[in-house]
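Place chain B on chain A using the hints.
Protein chains: 2
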Amino acid sequence: MRVYVATTNFGKLREMEKLFADSPLELTTFAEYEDPVEGNTSYAENAALKARALHAQLQRAGRPSAVLADDSGLEVYALDRRPGVLTAFYGGATATWPARRKKLLRELERTGSDDRRARFVCALHFIDEEGREFATMGTVDGTIPPEERGDDGFSFDPVFFYPPANRTFAEMTEDQKNRVSHRAIAASALLAGIKTAAN
Amino acid sequence: MRVYVATTNFGKLREMEKLFADSPLELTTFAEYEDPVEGNTSYAENAALKARALHAQLQRAGRPSAVLADDSGLEVYALDRRPGVLTAFYGGATATWPARRKKLLRELERTGSDDRRARFVCALHFIDEEGREFATMGTVDGTIPPEERGDDGFSFDPVFFYPPANRTFAEMTEDQKNRVSHRAIAASALLAGIKTAAN
Chain A
1 MRVYVATTNF
11 GKLREMEKLF
21 ADSPLELTTF
31 AEYEDPVEGN
41 TSYAENAALK
51 ARALHAQLQR
61 AGRPSAVLAD
71 DSGLEVYALD
81 RRPGVLTAFY
91 GGATATWPAR
101 RKKLLRELER
111 TGSDDRRARF
121 VCALHFIDEE
131 GREFATMGTV
141 DGTIPPEERG
151 DDGFSFDPVF
161 FYPPANRTFA
171 EMTEDQKNRV
181 SHRAIAASAL
191 LAGIKTAAN
Chain B
200 MRVYVATTNF
210 GKLREMEKLF
220 ADSPLELTTF
230 AEYEDPVEGN
240 TSYAENAALK
250 ARALHAQLQR
260 AGRPSAVLAD
270 DSGLEVYALD
280 RRPGVLTAFY
290 GGATATWPAR
300 RKKLLRELER
310 TGSDDRRARF
320 VCALHFIDEE
330 GREFATMGTV
340 DGTIPPEERG
350 DDGFSFDPVF
360 FYPPANRTFA
370 EMTEDQKNRV
380 SHRAIAASAL
390 LAGIKTAAN
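Just so you know, the protein sequences line up as chains A and B, in that order. Using our numbering, the letters of the first sequence correspond one by one to residues 1 to 199. Using our numbering, the letters of the second sequence correspond one by one to residues 200 to 398.
Next up, chain A with everything else stripped away, as it sits in the complex (with noise of 0.2 Å):
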């Protein structure tokens, strides 16, 4: 099944095909594609928000299409969970990634708090041919570390620190990330509702 992935981000659209390489999903993008303004409530808000555009827009262009968003955060504990559903907006939108990085090590820094803990959160929306939706949400727990770690990666990982793997994400290979991570968890549960749907 042909489906155009709501994103702009050539760093996720990468990994979703990593994820999805060995499904029925065949992921593609609509060039025409542009990210509708995100309503900051909630990252299901927000993946939903990309997924009704994206169908719509390939609808008015005479090839209605299954269609994929994703919408995900790093959430710092000291942070009061901060940059969260915003963390696309993080240093203002035209942020660098590596900007963002040291703004998010320093303002840590800086609360003098012990408490290290994060967590990745990704929330995958999905809308079928049919106008049928499905959602997912999956979290990966870790630590911030005092400096940035590895070149692997995109976004935050290289200040997210996975314990049980004892690296930071941009340390892992995409294979290691793509057993464990948030966008993982929400890719296998998003084809398993998709498959049941299907029978």
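Some hints could be false.
Unchecked claim - Partner residues are not named here, just some residues of chain B that face chain A (Cβ under 8 Å, in silico): (1) 241; (2) 334; (3) 338; (4) 340; (5) 388; (6) 390.
As the list claims (entries may be wrong) - Straight-line distance between alpha carbons at most 30 Å, and here's what the computed DSS-like set of lysine-lysine pairs gives: (7) 394/B / 211/B; (8) 195/A / 217/B; (9) 195/A / 211/B; (10) 301/B / 217/B; (11) 195/A / 12/A; (12) 394/B / 195/A; (13) 394/B / 18/A; (14) 211/B / 301/B; (15) 18/A / 195/A; (16) 211/B / 302/B; (17) 394/B / 217/B; (18) 12/A / 102/A; (19) 12/A / 394/B; (20) 102/A / 18/A; (21) 103/A / 12/A.
Quick caveat, the hints were computed from the structure, so don't treat them as lab data. C-beta: ideal position from N, C-alpha, C; glycine also.
Showing chain B alone in chain A's frame:
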């Protein structure tokens, strides 16, 4: 794994017990659980609210445990998707289900609309012993028949006609319904997410 269900609705509990019968989850209830006031923003938020309330209650009671919550509703297209997230309050919080079904049929009749489309939505929210959260959402499309049909099922099942089976949800056996329902889709997705997270 023992999982406490955040519900005071025995129909839901019974259905969830069936849906998770062959899974590693052993469902149980906590007698002191009371539904928190629902936020009425979205199914996902309501389910999360209930799960977090029960998770906190069990921790305070010295029994930290995994919990599962459900929030679901019926969306009638010609009624602007009502009752929707407010399904539990339709006709007033103390209205009986027969009264709610009657009200729904009457209200739809009054619109004079030919559009009988409706969908059931179910959001599930799971929190494991360590506090990790997963959530899923499933939907199923149908229509509102002119009058109630069938004795099985609960809530709006007798007024939800499922075209592929040519029956209302209340005319289908539990097994039939549990293969296709909004809650079945959400449940199978949830199990897949839990399995991935346990790896």
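Check your understanding: Is the straight-line distance between the alpha-carbon of residue 211/B and that of residue 302/B 30 Å or less?
Key -> Status holds; Cα separation ~22 Å.
Exercise for review: With a cut-off of 30 Å on the C-alpha distance, tell me whether residue 394/B and residue 217/B pass.
Suggested key: holds, 19 Å
Point to revise | Restraint check for residue 18/A with residue 195/A, where alpha carbons must lie at most 30 Å apart | key: Holds, at about 19 Å.
Check your understanding: Is it true that the CA of residue 394/B sits at most 30 Å from the CA of residue 211/B?
Key -> Since the Cα atoms of residue 394/B and residue 211/B sit roughly 23 Å apart, the hinted pair holds (cutoff 30 Å).
Check your understanding: Does the structure keep residue 102/A and residue 18/A at a Cα separation of 30 Å or less?
Key -> holds, 28 Å
Check your understanding: Straight-line Cα separation of residue 195/A and residue 211/B no greater than 30 Å?
Key -> holds, 23 Å
Review point. Do the alpha carbons of residue 195/A and residue 217/B lie within 30 Å of each other, as the hint requires?
Key: Answer holds: residue 195/A to residue 217/B is near 19 Å, not above 30 Å.
Point to revise | Restraint check for residue 394/B with residue 195/A, where alpha carbons must lie at most 30 Å apart | key: Within the cut-off at roughly 16 Å; holds.
Review point. Holds or violated: is there a CB of chain A closer than 8 Å to the CB of residue 241/B?
Key: Interface hint status for residue 241/B: holds (6 Å vs cutoff 8 Å).
Review point. Does residue 211/B pair with residue 301/B here, judged by a C-alpha cut-off of 30 Å?
Key: holds, 21 Å
Practice item. Let me know if the C-beta of residue 338/B comes in closer than 8 Å to any C-beta of chain A, holds or violated. Key: holds, 5 Å
Review point. Is residue 394/B close enough to residue 18/A, meaning Cα to Cα at most 30 Å?
Key: holds, 19 Å
Taken one by one, the earlier hints all hold for this structure without exception.
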